[in-house]
Structure formats: structure tokens, C-alpha cells
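Fit chain B with the ligands to the supplied structure of chain A, relying on the hints for placement.
Chains as they are written, first to last, in the numbering used here: chain A, 5 to 548; chain B, 5 to 548.
Note that these hints are calculated values from the structure, not bench results.
There's no promise every hint is true.
Same chains, same names: a pair is fine if it fits in one copy or spans any two.
List of simulated lysine to aspartate or glutamate pairs, EDC-like, C-alpha gap at most 16 Å [stated by the list, open to error]: (1) Lys514 to Glu209; (2) Lys518 to Glu209; (3) Lys370 to Glu271; (4) Lys127 to Glu39; (5) Lys94 to Glu209; (6) Lys33 to Glu87.
Protein chains: 2
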Amino acid sequence: KPINERQRLPVVPQGIERDDFLKALAELKGQLGAEHVEVNDKPLRDGWYMEHPNTHDMMTILDEEELVASAVVYPSNTEEVQEIVRWANKYRIPIFPISMGRNLGYGGAAPRVRGSVTIDLGKRMNKILDINPEDYTCLVEPGVSFYALYEAIQEKGYDHMWIDSPDLGGGSVLGNTIDRGVGYTPYGDHWACHSGLEVVLPTGEAIRTGMGALPGNNTWQSFPYGFGPYSDGIFSQSNYGIVTKMGMTLMPNPGGYESFLYTFQKEEDLAPLMEIIRPLRISNILENVAQVRHVTQAIAARGLPRATFFSSSGPIPNNIIHAAAAKTPVGDHTWAYYGMSYGPAHIRAHKLALVDSEFLKIPGAKKIDTSTLPPDEYFWARDRVAAGVPDIHELRWVNWTPNGAHIAFSPVSPIRGTDATALFALGKAAHDKYGIDFFPAFCVGLREMHLIVEIVFDRDDVKARKAALDCLRDLVDEAAELGYGEYRTHLVLMDQVAKTYSWNDGAIMKFNEKLKDALDPNGILAPGRCGIWPKRYRGRGWEM
Amino acid sequence: KPINERQRLPVVPQGIERDDFLKALAELKGQLGAEHVEVNDKPLRDGWYMEHPNTHDMMTILDEEELVASAVVYPSNTEEVQEIVRWANKYRIPIFPISMGRNLGYGGAAPRVRGSVTIDLGKRMNKILDINPEDYTCLVEPGVSFYALYEAIQEKGYDHMWIDSPDLGGGSVLGNTIDRGVGYTPYGDHWACHSGLEVVLPTGEAIRTGMGALPGNNTWQSFPYGFGPYSDGIFSQSNYGIVTKMGMTLMPNPGGYESFLYTFQKEEDLAPLMEIIRPLRISNILENVAQVRHVTQAIAARGLPRATFFSSSGPIPNNIIHAAAAKTPVGDHTWAYYGMSYGPAHIRAHKLALVDSEFLKIPGAKKIDTSTLPPDEYFWARDRVAAGVPDIHELRWVNWTPNGAHIAFSPVSPIRGTDATALFALGKAAHDKYGIDFFPAFCVGLREMHLIVEIVFDRDDVKARKAALDCLRDLVDEAAELGYGEYRTHLVLMDQVAKTYSWNDGAIMKFNEKLKDALDPNGILAPGRCGIWPKRYRGRGWEM
Ligand SMILES: Cc1cc2nc3c(=O)[nH]c(=O)nc-3n(C[C@H](O)[C@H](O)[C@H](O)COP(=O)(O)OP(=O)(O)OC[C@H]3O[C@@H](n4cnc5c(N)ncnc54)[C@H](O)[C@@H]3O)c2cc1C
Ligand SMILES: Cc1cc2nc3c(=O)[nH]c(=O)nc-3n(C[C@H](O)[C@H](O)[C@H](O)COP(=O)(O)OP(=O)(O)OC[C@H]3O[C@@H](n4cnc5c(N)ncnc54)[C@H](O)[C@@H]3O)c2cc1C
Numbered sequence: 005k006p007i008n009e010r011q012r013l014p015v016v017p018q019g020i021e022r023d024d025f026l027k028a029l030a031e032l033k034g035q036l037g038a039e040h041v042e043v044n045d046k047p048l049r050d051g052w053y054m055e056h057p058n059t060h061d062m063m064t065i066l067d068e069e070e071l072v073a074s075a076v077v078y079p080s081n082t083e084e085v086q087e088i089v090r091w092a093n094k095y096r097i098p099i100f101p102i103s104m105g106r107n108l109g110y111g112g113a114a115p116r117v118r119g120s121v122t123i124d125l126g127k128r129m130n131k132i133l134d135i136n137p138e139d140y141t142c143l144v145e146p147g148v149s150f151y152a153l154y155e156a157i158q159e160k161g162y163d164h165m166w167i168d169s170p171d172l173g174g175g176s177v178l179g180n181t182i183d184r185g186v187g188y189t190p191y192g193d194h195w196a197c198h199s200g201l202e203v204v205l206p207t208g209e210a211i212r213t214g215m216g217a218l219p220g221n222n223t224w225q226s227f228p229y230g231f232g233p234y235s236d237g238i239f240s241q242s243n244y245g246i247v248t249k250m251g252m253t254l255m256p257n258p259g260g261y262e263s264f265l266y267t268f269q270k271e272e273d274l275a276p277l278m279e280i281i282r283p284l285r286i287s288n289i290l291e292n293v294a295q296v297r298h299v300t301q302a303i304a305a306r307g308l309p310r311a312t313f314f315s316s317s318g319p320i321p322n323n324i325i326h327a328a329a330a331k332t333p334v335g336d337h338t339w340a341y342y343g344m345s346y347g348p349a350h351i352r353a354h355k356l357a358l359v360d361s362e363f364l365k366i367p368g369a370k371k372i373d374t375s376t377l378p379p380d381e382y383f384w385a386r387d388r389v390a391a392g393v394p395d396i397h398e399l400r401w402v403n404w405t406p407n408g409a410h411i412a413f414s415p416v417s418p419i420r421g422t423d424a425t426a427l428f429a430l431g432k433a434a435h436d437k438y439g440i441d442f443f444p445a446f447c448v449g450l451r452e453m454h455l456i457v458e459i460v461f462d463r464d465d466v467k468a469r470k471a472a473l474d475c476l477r478d479l480v481d482e483a484a485e486l487g488y489g490e491y492r493t494h495l496v497l498m499d500q501v502a503k504t505y506s507w508n509d510g511a512i513m514k515f516n517e518k519l520k521d522a523l524d525p526n527g528i529l530a531p532g533r534c535g536i537w538p539k540r541y542r543g544r545g546w547e548m
Numbered sequence: 005k006p007i008n009e010r011q012r013l014p015v016v017p018q019g020i021e022r023d024d025f026l027k028a029l030a031e032l033k034g035q036l037g038a039e040h041v042e043v044n045d046k047p048l049r050d051g052w053y054m055e056h057p058n059t060h061d062m063m064t065i066l067d068e069e070e071l072v073a074s075a076v077v078y079p080s081n082t083e084e085v086q087e088i089v090r091w092a093n094k095y096r097i098p099i100f101p102i103s104m105g106r107n108l109g110y111g112g113a114a115p116r117v118r119g120s121v122t123i124d125l126g127k128r129m130n131k132i133l134d135i136n137p138e139d140y141t142c143l144v145e146p147g148v149s150f151y152a153l154y155e156a157i158q159e160k161g162y163d164h165m166w167i168d169s170p171d172l173g174g175g176s177v178l179g180n181t182i183d184r185g186v187g188y189t190p191y192g193d194h195w196a197c198h199s200g201l202e203v204v205l206p207t208g209e210a211i212r213t214g215m216g217a218l219p220g221n222n223t224w225q226s227f228p229y230g231f232g233p234y235s236d237g238i239f240s241q242s243n244y245g246i247v248t249k250m251g252m253t254l255m256p257n258p259g260g261y262e263s264f265l266y267t268f269q270k271e272e273d274l275a276p277l278m279e280i281i282r283p284l285r286i287s288n289i290l291e292n293v294a295q296v297r298h299v300t301q302a303i304a305a306r307g308l309p310r311a312t313f314f315s316s317s318g319p320i321p322n323n324i325i326h327a328a329a330a331k332t333p334v335g336d337h338t339w340a341y342y343g344m345s346y347g348p349a350h351i352r353a354h355k356l357a358l359v360d361s362e363f364l365k366i367p368g369a370k371k372i373d374t375s376t377l378p379p380d381e382y383f384w385a386r387d388r389v390a391a392g393v394p395d396i397h398e399l400r401w402v403n404w405t406p407n408g409a410h411i412a413f414s415p416v417s418p419i420r421g422t423d424a425t426a427l428f429a430l431g432k433a434a435h436d437k438y439g440i441d442f443f444p445a446f447c448v449g450l451r452e453m454h455l456i457v458e459i460v461f462d463r464d465d466v467k468a469r470k471a472a473l474d475c476l477r478d479l480v481d482e483a484a485e486l487g488y489g490e491y492r493t494h495l496v497l498m499d500q501v502a503k504t505y506s507w508n509d510g511a512i513m514k515f516n517e518k519l520k521d522a523l524d525p526n527g528i529l530a531p532g533r534c535g536i537w538p539k540r541y542r543g544r545g546w547e548m
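Just chain A, same shape as in the assembly (with noise of 0.2 Å):
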């Protein structure tokens, strides 16, 4: 796609003249130094992962002039982010803090007001400020990805302690998880697994949350609810602070490992396999977060175009799909089950022959000998990722379109054939309606499972963004009519998504609204993040 190369005038925020607005940025570049300070007065590019832009979102599904940030300031320390909290209090300019960024799917590095301050945290706050080799914790500044956390841990030789990743491995540890992102090791629920926060409030103090509020203490890592009311919660999917330190767990070696992969010929198959899954996962059997994949998404994971398979408009037809399905290693069939078993030999024998006799009674399952699979192989993928080993192999879909990006459809159910029956139904009819290829995969928690639909576009094409944005549109609905709600979503349905969650008449949102004007009076900070508006918002028009 050609970038227009002239300098851009930078968006404004709303509410606030250019001339003041450049006043107040010199200001701040007086504070934190000129070079800590960017105008985002140049062209807008997406680069790609690793090297990601800051100022938008690089898999926009609106214009990305749409969703842009007027500046980006870059913090060294908790102070800093202080001052600058103090600073946008007093033009009322909107902040919209990221780690790292890299939120693809759920809106990017993209700020949800245009024309806000991005603070950039983990350009320059990216120090691994503790790893504990007795207690199995570490504490970590937002610019900590899974990568850095993962190598610093090999450095040190301690080779007793894992991380969990989740797909990529080039997020931030700390905005994924307070975003609430899951990981495929038995330490996956990331927010389960954190212990003690710090934050930075709207109106400029710091606090630390759980035993970190205790000054000398040597539990802030290790007990994550210190006494009286336990507040992490709400510094997670909100607008209430700017996180600036997180504690995590870590997971013990389990002393050996062994991923599986059993495929399962017929879209039928997804429900009596749920019902198998279930007593096994809440037992423990089934160790991991595992996902439950689609072939179609198995096939677009191999990184080649879609154009290679099918030519015309359309969703790519089954027979298509299965005809390529064949000729890989793995051979067709419609669903994947990767899975991944802990401990030493004799104990991961007890449990895979429990799974082995439970998934083999589906006809047509397969257990798949995976000594016969090429090192490049996607299982691989899944084999390291379940092993603490951050991995990008799960880009390879993003190839499936030419400029691919893609967007989620996350709606949480019970592990229930029922439920998996009539999310696949649902999922399936809207992409069929709007001509999408269907990439469903379940990931299976513990209780729950995310379903979570990749709708793979092509940014540069306006009908397709267009087409994945009304499926999504309608999926959130849909799924909200049978009872089904989303653990996360994008940027541009933030406002939609939380109104489904519309008990007692919005009860829930009322009660968040209060909290944030009670913590945020100017509301500057990420206004409509989530589908909170603050006072000074609300009512004008800003949902969309």
C-alpha cells in the first residue's frame, strides 16, 4: 500500500485547541526530556510484528486515521508517569497508556479516543526488577515480554521454573495479563497467576495493591490479596489506572512433558468430543488450556495464501479444504486436539492412557504419532508454547490474505457439546453470510472455554474490513441473544460488547461508571476503554 511520505498534521484531542495542545506537549517535553516526547506528525506505518507501530493500530479495521494518537510519551519510572497523569489532569488531554502494544486482534497499540496520548511504558520501563528462584515469582515493568522473561530465565540456569506464553510470545507479560490473556500451560489463566500490583491512579497517586501496600514486606509476590478489599481486579479490562509493576508466578518444571494431537473426522464430532473434554479438564487429566482447532485454520497456519487453495470469493469450500487437509503430515480431518501432559514418565502414561481410552471412543479419532512430524509443523508450535517456550509460528494464518490482518471474536461458554455445537453453528453462518472463511479454535480453561474466531482481512481492502467488522458486529449479538458473552474484544467493540452484559438495566455498567468518576474526575484516562465513559463523555455521541 503506497504511505503518503508528508509530514501529517497531528490529530488534536477533542476539547482542546492545536496551539495549546503543542503548548502543553513542550511542556511536557520539559519534564521528561524533548526526546521522550514524540509528535505523531509522520506517516502512519504498520510495519510488522516485532516492529510494530505505537501511534495506531497496524491491523486497523477502521480507516487507521480513525483510531490515532496525537503524541506518544515515553516514561522511565513510576514518577514519570505520575507527572504526566498530573499534566493531562490539567489541559484535560486523554492518555492511553499501552505496555508494549502489541494487542493485535483487540485493537493494536491504538487509543480509543483519536487524538490521545499514548504512553508508551515498556519502551523504556522494561526491567525484570525480580526473579525469585525460591518462591517461584518474579515482578516485572510493563516492557516485559514473554520473550525477555523467558531468556532471562534460561540465563540464570534456572531451569526449575517455567513461564506460560500465550501464542506470541512478543507481548508485554504484564498488558496481556491485565487484559486478562490466556497462555497454554497449566499456568495459563494469567490473572489467576499474578500476585500484587502497582498502580498509578487517574488523579496521580501510586499505590501498590495486596502485601505490597505492607512497607519491609517479603510477600508481595507471594500472597497476591494482602488485608481488606482485594482491588486487583478492577485494574484489569479498565480505565482506573496505569499499571507500573506487576508481580507473577512462576511454574515449577513439571520434570517432563509430551504434547499429543488427536484428530477427529466430522464437524459432528465437536460435541461428543466437549463431552469427553469436560470431566477430563476439570480432573486435571487434561492439564493445559488446549485448544480444539478447526482444519481450516490448521490449513491457513501453514502460512501459505489462501490464493494458493482457492481463487474465487467466498468462504473456501470443505472439499477444497479437506483435499489439502490429506496431503499434509497430519492428514484431514476437521478437528484438532492439542494437548500437552505433565510430570514424570510413568505418571503423564496414567493420564494419556485415560485420554487415549476416552477420546478413541469418537469414531474415526485418530491419535497422531507425532515422531513422524516435520520439525516445521504447526504441532510444533503448539508442542513448544505448552512447554513455556515463546513462539511466533501462530503468525502463519495472518498470510492467509494479502495484507492480512485479523480480528477476534472471543464469547465464553461452558465445555458443554451443546454449547460448542451452537457457537460453531452461529460462528458459521455469519461468515458464511458475509463470505469469510471460519477459523474457530476452542480453548478449553478449566470450567470454560473461550471460543475465539480469527476473522483473517485484508486492511487495505475497505469492503473486507467492512465485511469482517459486521460479522463480528452481528456475531456479538447473536451470541448475546443465546446467552453467550466475550472475555475480551476489540477496541472498536468495546461499547457494544458491554452493553450485552446488560443485567438489572445495566446495573454493572452504572456501577462501573461510578467507580471511574469517583477515581478519575477529568476522565483522562483511556476514555471508553472497555465501554466505561466518564462523565465529561458520556451521553455526546462517543460510543460506537
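Frame of chain A; chain B with the ligands shown alone:
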């Protein structure tokens, strides 16, 4: 103790005239039915565990007229709770919700502010609203005890699901959980195991948290977080809302279990034992919240009064305790580790062998052949509790003194020899100073341990009560000096404990107060609980 049988004038909350108060109560009677509003004008009877009072703390550490309710009301559903809250706002009357009021050691059923109207939720709101045998979850009202939940599951024949109970099974599942209590199976961290709340806010609105906010959902009890800020935590150990329903996950029957007991001879064995326990616990070889108990409490747990062994004042001498211990089936020791291994026999064998080889590294360590222990032995109470079977054997050590009452000191530390030694020394010195017998028990969580020190005292002996309280006050401050804080505390100590969480000039309390003022502008809900005073009370000498 002689009870004064004459009718008492009910205590009236400060700031309202007696007549106005009685009129307001009459109005409430009109709303709830006269029989559901009880003025507290009868003699205060302490009763016993199974028939405890709801008007005051049956184990009071102050004069029982100090923290006493003016009236007790009995709502039957969420709407009536909302009515009571609106009524309290109208007349500015402090209300104090309890679930079952068996919070012994931490204040029992007493309100923090003298003359509060106690809302006894448990009496009429005691339904198990759901037990889900597929998802292994339940939904309970405040009046469901661990016994009641256990029995309902047994009755349905749901052998595949366990509950987790604290040491005493008579408390409320909901009340215990929102006070962040603990039990002794792998599901011992009750807060971590809950999923979904219904809460009446201090201004009367009802919210449902997590997936409960989505109409028609089937995920309220299987996915805890929902979308947007995860607000459950601020309703635990707080005074921000009245919880009217709570979801709880149930543990899958592990397919076998086996308790074990090791004894260790010397006080100094504590430090190396903790170093051995830590990695085994974090790796889940030790699977439950086990207890490491001191022999003095083991003797007391036999249920005989202290006078059986020693009739002088001052702490009971070591040699007497050891002589008594030598005569018990377990034999003499200083520390006992009560644990349980879960799963099929060959899986348990693997874990138990590891534990055995590690524990026996400590000279003098002994594995007790528990098959020789008589059925009434304390070990079997731990066995039941670790298998999710509610029990009340634990009450026996309250017989240690006449009119036995107790109050708890519960600091948290990492699982470390140095910390265990420091806390033990600290506790011992303070108990010696005040002439009190020292009952330390370390409850080993995952990366942290709660030291639970129970001071047993004669509640009719003013001097003994004062010694216990003075000792506790010293302990709290001395522990904080060393960086240790309490995970939970008695009503009377809440201000003091909250003050130890003082990082950055008491930033967390200022934050808590900001939330309190936003949510409870009239300051009617449980003023002072966990040290949080609403504006109307702040700085007016209510702290103690
Ligand atoms: C192919 C692919 C696969 C993916 N797989 C997964 C997966 O398996 N699991 C998963 O969870 N995600 C997945 N994602 C989504 C996303 O890439 C990750 O969640 C990523 O870790 C998020 O980016 P980040 O960590 O850099 O967070 P950021 O972008 O830095 O943060 C996310 C959001 O949180 C808020 N925030 C961040 N930091 C702060 C702070 N310090 N204070 C206050 N608010 C803050 C901001 O609103 C920000 O937009 C995937 C994405 C792609 C493209
Ligand atoms: C011998 C002995 C052993 C014990 N062992 C343990 C143990 O192993 N683990 C443990 O955790 N505890 C233990 N305890 C302490 C206590 O008995 C239990 O925690 C008990 O479960 C608490 O009482 P409850 O459940 O009836 O809660 P309640 O007394 O009903 O509630 C506790 C407090 O929470 C608040 N609250 C309750 N319900 C609500 C509501 N619906 N909305 C808002 N606020 C509410 C109130 O402030 C109340 O005072 C022990 C006590 C004794 C005497």
C-alpha cells in the same frame, strides 16, 4: 457466668434519638413483617458454637455490651435486602450484614459500630440455588453452611464432587469466602475458587458480577471474570456491598486419598522443615493446605482443660507438654505435619515416596503409622477436613480455659525457614511476656503460609481478656516491623492492622476511602470494617 435476666434497653446507634430509632424500626417492621425485625433488648447469651448469638460476639474480647447490635433483621430475599439498605440510608442508621455470624476468632456476629442494625442474612436466605454436576459448581445464598452444602451433595448422590471446608463446618460458605477464609483440600483458597457474586450496593442497587451480568448466561459459575473490570475482589474483606448470592466451584473427587502424619522432635526443626516443604508444595507434591502444628495445641485439641496438666498461672512449661504428648498415641514431638495425598494409589505412592524421603532428612522425623490411631484422635479430624468432610472436632482446644474463647493472630509469610523462625520467636516472646500459652499452626498455602496463632482465654476474666488483646496488639505491630502483615483480623484490631499497610503514606487506605465515599455516600454499611471508615465517621475517634 450469671446472666442479668432483666430486659435491657436496646443500644441505639449514635446520631439518632431513641424515639426516632424505634419509629424507624416500626417502619421496617411494616415492610418485612414484625417477626423479622428483632429489637435487641433481651439478655445477651453467649450460647455455644451451634447455637450462637447474632447480637454480639460470643467470644468477646471487650465487654460484650461494647460491640453490640441494636436490632437484628431477617430479610428473605435480595429485594428485602435492598429495602433494608434504602431504609438505612433514609435514617442514616449503620447496618452490619452477616451470613451466619460464626466468624469466631475474628469478631463472631458482632458489628464494628455499637448499635448497628445487624442484617442476619443466613436465617432466611439459606437456599442452595443450584448444584451443577456437569460443571462442578454451585450457587448459594448466605445461609448455606459447609455442612448443609456437603449434605445436599451427598443426598443427590453426587459422589464425583467434593466441597472444601474450613476447620469448622458450621460457618457459611459465602461469609467465609468473602472474608477470604481457607480450607484444607486443594480447593482451600476459597476466594480463588468462587465464581460470580450478586451484590446489593450501599445505595440499594443490585449488581451481578462476572458473567452474571449477561442475561440468560450459563457461565456465571464456570467463568469468574466476565467482561470489563473484575470487581469481585472489592467485595471481599470490605464494606462496599452486601453479597446475596455466590457461585462456588466444587472439587472433582480425586479417585482416592490418603492422609499422613509426620512428627518432628525439636523446635529448631521448623526451619529446615519449611525449606523442605516449599518446593514440594509449589510443585503440588504436597497438594493441600496442610497444617504444621505445635505440640501445645495438639495437647489442647484433646479437649481437656489446661488445669488437668498444670494449675499455676503463666505459660505451661515445655516439659509438662512433652510429658503429656509422650502419653498420646502420636507420641512426643514438637511439630506435626498433617497432610493428604490425592489420586489413585499408584499416583499417591509416587508423591508419598518423595515426601517421605524429604521429610525423613530431618533427624528424629517420624512417619506415624496412622492405622494405629484411635478413632477419636485429632488426626482423623484433619483427615476428614482434608477430604472435604465438615467437622467440629477443632473446637475442642477452646476448652483449654474455663469460659473458653479465642482470638486469632494470622500473619502471612513466604514458606521459608527464616520466616517461620522469626514468626515463631516473635509469637513466643509476646506470649511469654503476657503469660499466655502459645498455639502456633502454620497453614501452608501455595507460595505462602498463614501462621494462625489462637489465643485461648477465659472470656469472663477481665484480666485474661486484656492480656490476650494486649498480646495481640504487640504481635501486630512487631510483625509489621519485620515486614509481616495479617491476612485477616478481628473486628477490634482492624484499624491497627489496616494501618500497617501504610506504603506511600497510607495510599491504599486513601484509595479504599475514595471507593467507600463513592459507593456509600451516607456511610451506612458496616462502618469501620477492615479499617475503612466512611466520611461521616472519619477522624471522629471511632478507630481503636
Ligand atoms: C496470531 C495471534 C495470536 C494471539 N494469541 C493470543 C493468545 O494465545 N492469548 C492471548 O491472550 N492473546 C493472544 N493474542 C492477542 C495479543 O497479541 C496478546 O494478548 C498480546 O500479549 C497483547 O499485547 P501486549 O501484551 O503488548 O499488551 P498491550 O497492547 O500493551 O496491552 C493491552 C491493552 O491493555 C491496556 N494496558 C496495557 N498496559 C497497561 C498498563 N500498564 N496500565 C493500564 N492499562 C494497560 C491497554 O488498553 C492496552 O491496549 C494473539 C494475537 C495474535 C496476532
Ligand atoms: C476453632 C476454630 C477454627 C477455625 N478454623 C478456620 C479455618 O480453618 N479457616 C477459616 O477460614 N476460618 C476458620 N475459623 C474462623 C471462622 O469460624 C470461619 O471463618 C467461619 O466460616 C466464619 O463464619 P461465617 O462463615 O459464619 O461468616 P460470617 O460471620 O457470616 O461472615 C464473616 C464476616 O464477613 C462479612 N460478611 C458476611 N456475610 C456477608 C455478606 N453477605 N455481605 C457482606 N459482608 C458479609 C461480615 O463482616 C462478617 O462479620 C475458625 C474458627 C474457630 C473457632
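(request) Check Lys518 against Glu209 for me: Cα-Cα at most 16 Å, and say if that holds within a copy, between copies, both or neither. (result) Only across copies: Lys518 and Glu209 sit 12 Å apart there, 19 Å inside one copy, limit 16 Å.
(request) If the cutoff is 16 Å on CA atoms, where do Lys127 and Glu39 land: within, between, both or neither? Let me know, please. (result) Answer is within; shortest intra-copy Cα gap is 13 Å, inter-copy 65 Å.
(message) Within, between, both or neither: how does the pair Lys33, Glu87 come out at a Cα-Cα threshold of 16 Å?
(response) within (11 Å within a copy, 54 Å between copies)
(message) Checking an output row: Lys514 and Glu209, CA cutoff 16 Å. Within, between, both or neither?
(response) Intra 24 Å, inter 10 Å, cutoff 16 Å: inter-copy only.
(request) Check Lys94 against Glu209 for me: Cα-Cα at most 16 Å, and say if that holds within a copy, between copies, both or neither. (result) within (15 Å within a copy, 34 Å between copies)
(message) If the cut is 16 Å between Cα atoms, do Lys370 and Glu271 qualify within a copy, between copies, both or neither?
(response) within (15 Å within a copy, 57 Å between copies)
The structure shown violates none of the earlier numbered hints.
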